[in-house]
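Student: Each chain, written out:
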Amino acid sequence: MTLKKQEIQKLLILINRGFLLFKSNMAINITSIVTIITALYIFFVFFVLSYSVDNFFGKLVNVQNIRGYITDSAPQDKINALIKRLSSLKSVAEAKFYKSKDSYEYLRKSYMSEKYLELLPEEFFPSFVEVTLKSNYQEIKFIKEIEGELMKSDIISTTSFGEKWLLNFLSIKVGLKIFVMILTGLLSISIGSVIYNTINLKLFKFKEEIKIYSLVGATRSFIITPFVVASVLEMTVSFLIAFILQYVTFYLIRHFFLDKLGVVFLQSPSIYVIFSIFFIMAFISIIASILSVFSFLDKNLGAIGE
Amino acid sequence: MIKFFNVTVNFYGEKRALDNVSFEVKKGEFVYITGESGAGKSTLLRLIYADLLPTKGVVLVSNKDVSHISKHSIPYLRRNIGVVFQDYKLLEDKTVYENVKMALDIFYLKKKSVENRILPLLRRLGIYSRRETLVRKLSGGEKQRVAIARALINEPSIILADEPTGNLDKERAEDIIELLHDTVEMGATVMIATHDKYLIDKHRGRIIELKQGQLVNDSEKARNTETTHLN
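Each protein sequence line maps, in turn, to chains A and B. Taking the UniProt record's numbering, I'd label the letters of the first sequence as residues 1 to 306. Taking the UniProt record's numbering, I'd label the letters of the second sequence as residues 1 to 231.
Wrong hints could be hidden among the right ones.
Claimed, not checked - Pair ranges (Cβ atoms, derived):
#1 76(B) to 236(A): 30 to 40 Å
#2 55(B) to 24(A): 40 to 50 Å
#3 38(A) to 166(B): 48 to 58 Å
Quick caveat, the hints were computed from the structure, so don't treat them as lab data. Built from N, CA and C at the ideal position, the CB exists for glycine as well.
Here chain A stands alone, though its shape is the one from the complex:
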């Protein structure tokens, strides 16, 4: 048998021992599984809500255009040169010049019911350049870039893209991201602690067995691997149950409340995000179990022959 095959066979035997360890300790496992499910379920609820709010504000802050208001004395050739320069930018889909008359028409079309507009002379309306961004460039940094370009020109007096609400929404988005990060951090610590303590309980239960294995020459990997496998299994089962529970919860909320109100707000994270969370949690359970076994072997196992 080749060395690689032997190593795979060893690993399979250790994984099998991990499954047996998980199966034979259901009483301890169930307590920790329920605790992890609760933590994960709360996390998922907040995560989905934050994710949905983030997406909602994400759409709101997709700025499509910016306006640069032109000074009264601006000559046409300078306006044309500005339009040409703006059109050449990679983020720009269209740059268009609106004279006073055009902006007057623009407003009349937009606010047809406002009859008093007709009473105003068109000279009262400013001429401006409107720059529309390409769909994949509709972000604040590209708007700021174009704003800089506009302000370089001496024919532009001021720019406008709805800065105030945009920045408010952006700060809400950043706030949500910080909230999710803190929540993920706390969840990781609590799940790590639960796994650490569960493994510790199992280790005390198997103390004599571990001592005997240690006496007959078992390596650390022989002792540690089954505990790591058991903790990953514990995490996987908890994750699946918590995920299904949150899915059912949000399905019912959508079905019985939001759909009836015509509110399309809740959005489930993509499968990529779900897998990422799972891998983070699995990684944490591996680290917690390894630390738990190492600390037990070094501090609590004690001497064999005492």
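Please arrange chain B on chain A, whose structure you already have, making use of the hints.
Tutor: Here is chain B on its own, set in the frame of chain A:
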């Protein structure tokens, strides 16, 4: 095979469990470590399978320095040493077969090959018919045989036994000593810690006597001295 050079073991920085002990045990020897309780017999054996490291001095086992052994190397050292204890150190809720099998688990062997190694040994030790019995249902003598089976299953070159007959009656104790003598004939080196003078007197073997952690008598040395005097 086993060499001790000026080995001292201090417990808690004060009490001296072993005090400047030196000796050598050759391959195939049968050695009794004797002395009163607290003389340092168990400590001496624990140094050999690296359950304890010396405070001073050097312990060589099969030419490897065990006094400075790394954690990573300890399992590989122990695979070559079979250890038997007075309290057996068996798992009471496992069967005889499962207890012996633990020593083979670490080699990731196939089921058939495990069976082929365990069953003949259980036959040889007279516990074959008890192979599916839970250890807690066995007598003291049977339990010690299971412990010996676990110690012998990997065919180690060194067998250490710490008061193996301490919980047994005279007849069973003699059986166990005979069993351990048999392993010497198969090429193993055996060291038994015991304070049972009757067994020591009745069975052949070298005697290393400890008193308050010091080596006070080594029968082989005494024989050698006698021979020198005669010459």
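Student: Hint by hint, note whether the structure agrees.
Tutor: Here is what the structure says about each hint:
1. Our hint of 30 to 40 Å for residue 76(B) and residue 236(A) holds, since their Cβ atoms are close to 34 Å apart.
2. Our hint of 40 to 50 Å for residue 55(B) and residue 24(A) holds, since their Cβ atoms are close to 41 Å apart.
3. Take residue 38(A) and residue 166(B): their Cβ atoms lie about 51 Å apart, and the range 48 to 58 Å holds.
Every hint from the earlier list agrees with this structure, and none is contradicted.
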